[in-house]
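Chain by chain, the residues:
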Amino acid sequence: MPVYSDVVMDHFMHPRNVGEIENADGVGEVGNPVCGDMMTFYIKVKDDKIDDVKFKTFGCGAAIAVSSMVSEMAKGKTIEEVRKITPEAVAEELKGLPKQKFHCSNLGAQALNKAVDNYLEKKGDGGEKK
Amino acid sequence: MRKVYLDHSAAMPLLPEVREAMQPYLGEIFGNPSSLHDWGDPAREAVENARVQVAALIGGEAEEILFTASGTESNNFAVKGLALAQQSKGKHVVISAIEHFSVMNAAKTLEKWGFEITAVPVDKFGRVNPEDVRKALRKDTVLVSVMHANGEVGSIEPIKEISQITRENKVIFHTDAVATAGTIPIDVKEMGVDALSLSGNQFYGPRGSAALWVKRGVRIMPLLDGGVQEFGRRAGTEDVPAIVGMGKAAEIALKEMDGRAKKLVPLRDRLIRGLPAKTGHVVVTGPEDVRLPGHASFCVEFIEGEAMLMLLNASGIAVSSGSSCTSRALKASHVLLAMGYSHEIAQGSILFTLGIENVLEDIDYVLQEMPPICERLRQMSPLWAKYLKFAKGDH
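Chains A and B, in that order, give the protein sequences. According to this note's numbering, the residues represented by the first sequence are 1 to 130, in order. According to this note's numbering, the residues represented by the second sequence are 1 to 395, in order.
The set of hints was computed from the structure by calculation and includes no laboratory data. These numbers come from a predicted model, not from an experiment. Misleading hints may appear alongside valid ones.
[Stated by the list, open to error] Here chain B is said to cover these stretches of chain A; the calculated rule only asks that three of the stretch's residues, wherever they fall, bring their Cβ under 8 Å from a Cβ of chain B:
{"no.": "1", "stretch": "5-19"}
{"no.": "2", "stretch": "34-45"}
{"no.": "3", "stretch": "58-72"}
Think of the CB as a built atom: it goes at the ideal place given N, C-alpha and C, for glycine as much as any other residue.
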């Protein structure tokens, strides 16, 4: 039996929204190489909705699939809706993740939320803060 | 699609001759070697014949071979059994920093039982300096265990030099030769060791066949309590088909060792030279020349091993990786870290172990498939993007 579900494999083999956004409204970075996975999310926000989202990920198959899935789940959502994307919801959309991968690789929602934090901070500070 | 199996350190196919030799013992010859009747006799004879064959592979005596069920068991047996048998003399054990888990974790268990463990370092090629072993020895050292070769980076350790030191100091010396027995020549007398682990599946024998060679006169505490099988040192009814298979595989390995190495070394070198040349930022881990014949290991910078492994699998190529994501324990390889690699680099570990069925075209296929896979993952990697920005700003 394969370790990964067919949805995970599909997102790993054909990741959606890979890349960077120049002049992104928000950038969120999580992880470190010690645990094995690093993710950076970039968002563009328009009318309080995620207009565009891109990511870059260093990590295993699960980490890449999670990033891709999170980017799809985020697109077109309002900030409030994005806040509700949890690691559990991501794993469910992926038809499950191997138990040992759940914590280390399932950082996509966290990275996306950090990008939203960054966007809100920037907005609050008149765009001065990094 | 081409199918290329390059993960022989994980599992090797059984040689047809070995399967054939095992067949009767999976069928009509089912007796227990301990039985004194006509059913037991042929089974016992088969085990004793295999003992001679396995002993011949490493230059030992048949009575010095103890059959076990895995390389892991042999290593546990050696590390715990040899240390426990001598604990009245002292409770200090020396190992290297790059031992297999079955030695490293057995030593950790000894620690819980009141022993002290010293792990000697390795250089950046994964080699132990014998002088470091000398320095690690204490009055109460009762055992040194240093592997013959490392299965992850292919380095071969200076066992003969280390054994001179252990003999001078009258310390028992065990070597884990799972990665080498049946692959490169071994003569236990010339090596000067007191105990040596080997595994049948590392030379095209069946899984579940392994042995520990213990020099005559060396005391070892049994791990399993039970009957008097294996000279009273390893209880449990013998796995006759596995033992027969290991014996046959050992006999063939001894005959064909040189020819196999002559075939594997050029393939290995083609991969070791070709991959870094075709894909930038690839480090060869372990020595570039003096290494296990079919062994090519690398760290590919800016990307992670499991992702590479999965994309290679999608191209029909089977490999291993020492990245933390590939390990169930989610820890980066202690071998690569001990060699001085950073966590970041160690995550990009990828390991090709070749076998006798591989051909030149297999290697060329890898060299064709691998660069676009690395490129694809790098395009996704934030570390690569950072490196490119840094490199640009630097010039």
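Hints, one by one, checked against the model:
Check on the stretch 5-19 of chain A: 4 of its residues sit with their Cβ under 8 Å from a Cβ of chain B, so the three-residue criterion for coverage holds. Counting residues of the stretch 34-45 of chain A whose C-beta sits closer than 8 Å to any C-beta of chain B gives 7, which meets the bar of three, so the coverage hint holds. Coverage of the stretch 58-72 of chain A by chain B holds. Counting CB-CB distances below 8 Å, 7 residues qualify, and the rule asks for three or more.
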